[in-house]
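Enquirer: Sequence:
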Amino acid sequence: MRLSLTFPEALEFALLGGALPPVLREVTATGSTVRADVDLRAVPAPPFALRALATIAPTVRVDATFRSFAGGRATFDLVIKAGAVPVQKLLNQLTPLLNSGLRAAHLPAGLVVVEQGPHGEPQAVLDLQSAVALRATGVTITAFEIADASVDLTATVHQLALRPSASTR
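The sequence shown begins at 3 in this note's numbering and counts up by one.
In case anyone wonders, no lab produced these hints; they're calculated from the structure.
Glycine included, each C-beta is placed from N, C-alpha and C at the ideal position.
Treat the hints with care, as some may be off.
[To be verified] Label pairs and their calculated CB-CB ranges:
#1 A59 x G140: 40 to 50 angstroms
#2 P24 x A135: 24 to 34 angstroms
#3 S152 x I58: 27 to 37 angstroms
#4 G122 x L18: 31 to 41 angstroms
Could you put together the complete structure from these sequences and hints?
Expert: In structure tokens form, the structure reads like this:
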């Protein structure tokens, strides 16, 4: 199976017609880069460092540029901007922020992992295979790419079965 969607279509598909989590003010794509504006004030039960940062820079801009796909996981290079606060100061707080947002959307923590890349730069790893497994069984993602503000995905499908969404349970 091959899917080629514009970024807005892919986002709508991923959200199943629902709204973005409250921590995300806007999500757009240009080329192979996805840009997310994260409202730190909307993070539920934020750690002290995030509360302090939110008073200085309430919105963090995250640019995630698609780098590679392997083993069901997509890797993105990150550029994080929050006023004058260096990325390194944010990196340790970003994983809990992402996991908090995912939990608020009733998704398990760990679908997105923020880590340091081979040269110390921040990168995000999105476990697409696990994300698909939340919605269906029998689907294996074999290729994924974001280019020209479009999402291209190739998957094998065998004995497809949809799982009920959290809102219908």
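Enquirer: If any of the earlier hints don't hold here, list their numbers in rising order.
Expert: Violated hints: none at all, because every hint is consistent with the structure.
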